[in-house]
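My request is simple: use the sequences and hints to build the entire structure.
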Amino acid sequence: MIDELIGILERENVEWEIYWEKGRGGSFRIERERLERSQRKFHSGIGLRVGYNGKLGFSYITGLNHERKALEELVKRTVKLARVSEVPFSGFPTPSRVPRVDGLYDRRIDEIPFEEAHSLAGEFAAKMRELKYDSLTLSGSIALAVSNYGIANSNGIFFEGRGTGMSVSAYAVKRGERTGSGSYYQAYRSLQPFEELEGAIQKAVEEAELSYRAGKAEPYSGEILLEPEAFRAILGILLENLFGDGVYYGRSRFSKPGEDVAPEGLEVIDDATIPAGVGSFPFDGEGNPGERTVLVEDGVIRSFLLDETYARFLNMESTGNAVRDFRTMPHIGTSNVVVGAGRDNLEEFEGVVVKKVFGEHTANPVSGDFSLTVELGYLVRGGEVIPFRDNMLVGNAFEFLRALNAIGRKVYRKGSFYSPRVLGIARLV
Amino acid sequence: MEGLLRTAEELAGRYGISYYEIRVTRVTASHLSMQNGQLEELGMNTEVGIGVRAFNGAWGFSSANDMSRAGDAIEAAMKIAKLSRGDSKIYLGDPVKDRAEIRPKKSFLDLDIEDKLALVKEIDSLLRGGDISNRSVYYGDGLKESFYFNSLGSEIETVVPRLRLSFSVTARGNGEMQSYWKSFGGTAGWELVERIDLNRWTAFVREKAISLLHAQSPPSGEFPVIMDPELTGVFIHEALGHAVEADSVKNGDSILAGKLGERIAVEGLTVVDDPTLPGKFGSYVYDDEGIKARRVEIIKNGVLVNYLTDRETSALLGLEPNGHGRAQGYSYQPLVRMSNTYVEPGDWSFEEMVEEVKNGLYMIGDKGGEVDTANGTFTFGAKEGYIIENGEIKAQVRDVALSGWILNVLRNIRAIGDDLRIEFPGYCGKGQWVPVDDGGPHVLTRALVGGLR
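Which chain is which? The protein sequence lines are C and W, in order.
Quick note on numbering: full-length UniProt numbering labels position 6 of the first sequence as 6, and the sequence is numbered without any gaps.
Quick note on numbering: full-length UniProt numbering labels position 176 of the second sequence as 176, and the sequence is numbered without any gaps.
Where hints are given, some of them may not hold.
[To be verified] Straight line, CA to CA, 30 Å or less: simulated DSS-like cross-link-like pairs of lysine-lysine: (1) W:Lys121 <-> C:Lys256; (2) W:Lys121 <-> C:Lys80; (3) C:Lys203 <-> W:Lys430; (4) W:Lys121 <-> W:Lys106.
Everything labelled a hint here was simulated from the structure, so no lab data went into it.
In structure tokens, the structure reads:
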């Protein structure tokens with residue numbers, strides 16, 4: 001059917017790009033240690049972009065089984081949109097070699113019978129019942145997904161790919177005279193052994209127990225160690241300023257690479273080529289190769305995140321960061337974000353540690369000011385761990401990055417974010 | 001549709017399913033976005049899909065966006081429910097046959113895309129100005145036609161139009177950058193756009209962003225805080241609304257579990273969630289479980305009197321279902337969600353409230369929020385604020401976020417204004433996004449302010 005659509009498009013005097021996708025997913029939700037909601041979803045569709053006379057039209061159609069007439073109507077509608085749309089069209093990518101990225105597809109996820117996945121979720125729930133005790137309530141989820149997708153354009157790009165994914169989450173609430181909660185989430189490309197699920201529950205429970213004991217800490221100003229999840233909230237403020245569309249439209253603090261943002265040791269990379277990476281891909285949503293893009297090296301901004309359109313607008317090269325599904329035009333997004341390992345041993349750190357924060361979307365991306373609620377932190381003193389929460393972590397993301405005191409040696413992964421622990425200066429209110 | 005009804009009945013018999021429900025929806029939508037005078041996106045699309053839920057003591061769900069797979073989706077949901085066999089209960093009730101349409105005065109489907117483009121261009125040009133480095137305009141509309149039926153014999157057809165317009169600017173100067181924005185939206189047609197005073201609001205947004213370049217960071221610590229109606233809205237949504245969604249009560253995840261009938265706030269506080277308010281962004285006629293939408297008093301004179309429920313949680317908690325089972329779309333299962341949530345007005349004037357404050361803050365506008373319903377902590381951002389000293393409004397402050405413990409903040413309310421406004425449309429995320437509205441009058445309470453000073 002894609003060939004038929006290409007045939008129709010080739011008779012039009014336009015440049016074109018087709019993105020198609022067919023996928024399915026199974027997910028399972030456990031509430032109060034019982035498997036309460038199971039679902040199996042199917043999706044498929046085609047997104048079409050047409051460039052005509054310097055203008056761009058976009059439209060989509062759901063499903064992949066269409067009569068010729070429906071395909072002709074899709075083309076007609078999209079060409080018409082290109083004529084009236086006034087969205088500037090700067091050209092589609094031309095073919096180039098794409099990297100081989102291993103570990104993105106696991107046949108076991110593609111072929112697992114639904115009953116077997118359901119039974120895995122049932123065992124996950126049973127494990128929660130086993131680990132539960134009176135004051136503890138457990139919930140969680142498992143999701144499995146498979147997707148086949150492809151991209152073709154009038155410059156000769158034609159790529160097809162497939163990928164699988166699995167995610168696991170666990171949530172624990174401990175209630176007594178007070179309340180504590182803990183959560184754990186991780187995503188993968190391959191089917192995970194049961195120990196991974198059991199580990200998720202245990203980590204959520206450990207966190208709930210810490211949180212249960214936590215009170216508010218005294219106000220504090222000075223060195224604070226951020227665990228990767230908390231650091232992600234701060235680094236996210238910098239990343240927002242590195243999106244090429246924000247740079248082009250004057251929403252970013254930066255207008256060109258080269259600016260100092262952090263001490264020499266800090267390296268931030270967007271890397272679509274990590275084997276088995278949750279955010280990895282061999283080619284992006286426009287058919288450009290997935291790349292390893294150094295965003296910050298030795299504390300200096302080296303590149304922005306770019307798709308084909310904004311790369312051309314800015315007179316730069318695409319970094320292969322167009323993300324999309326068939327319903328959307330490609331837009332700029334990250335693949336895997338990697339903060340490079342530093343030289344400092346922060347595993348045995350004693351002092352104030354912030355593990356999790358929330359409310360990062362209230363931070364101001366351009367000024368960098370943030371005030372986030374501490375979901376969980378702890379004070380380590382003489383090997384003793386004293387948890388705290390509900391303080392606000394206050395600072396300025398750019399000042400925090402510039403004044404980083406130490407970057408840990410060990411890198412942790414949370415979904416598509418990789419980072420060591422970092423030590424910087426901030427305030428607890 | 002007749003064919004689907006028959007298929008569903010047959011399959012339910014085959015798989016021994018006690019209850020099922022099917023939603024078939026068609027959404028016809030258009031959206032346009034423009035930055036700095038350059039059109040970024042112009043889309044017009046129609047999408048049809050089916051979502052099927054089957055109950056057998058636990059839920060099975062399946063969806064498809066290719067209607068040739070509709071039968072497969074029905075069968076998949078039934079099979080999953082059969083496999084799942086749980087011991088939960090749901091509210092069933094009587095079948096409902098109805099057709100309900102929210103009819104706009106002027107349908108956006110009757111307008112040419114050129115008219116919508118002209119609106120976006122006009123706003124863009126009104127936002128132009130010396131210190132403005134970025135102008136963004138978004139317009140989106142969608143007509144959702146939904147057919148719902150279930151195994152009880154309910155057959156409900158609804159037609160709901162929804163429109164949203166928002167614009168923002170980023171100003172640059174004084175070595176700083178600051179943004180400000182404004183959104184409009186409702187279950188309405190083009191008449192909503194025609195009622196907006198574009199000159200006034202574009203100038204307002206521009207001036208606010210520019211003035212924030214010279215604003216200070218707020219102080220930090222616990223302060224008396226006057227929230228404007230917009231911030232009261234996000235506060236009550238975050239601090240109270242999520243904790244009264246009965247699924248969080250069910251899952252042991254709400255600090256308000258087991259507190260029905262208890263006084264949890266000051267006597268003067270009454271909080272309502274009302275999906276039946278005409279024209280509001282979070283309004284609807286039936287929820288996604290085929291239950292008629294209804295106004296719910298959550299807090300009445302300081303006492304927690306109700307939770308927001310769906311079919312499942314109402315059966316579990318022994319409450320009347322109140323039509324708050326909402327799904328992002330056909331491919332999502334309904335969850336308990338808010339609609340239009342607001343604080344009822346009191347009798348304080350704004351001026352009286354300001355006079356009450358010796359050393360505090362006046363906080364304005366919604367920058368979003370987040371809540372931890374289990375621990376009872378929430379945080380939310382304000383677009384801007386002002387220092388209040390000895391009953392007088394002084395210097396402007398920027399980048400302000402507040403935090404607090406739900407029950408403390410509700411008990412610390414000292415004054416509730418007489419100036420109710422519910423006109424702050426947005427989307428609420430809880431694994432799924434649904435349109436909501438919120439608001440209230442000015443409210444004086446205490447909260448933790450996270451400033452850099």
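So which hints don't hold here, by number, going up? none
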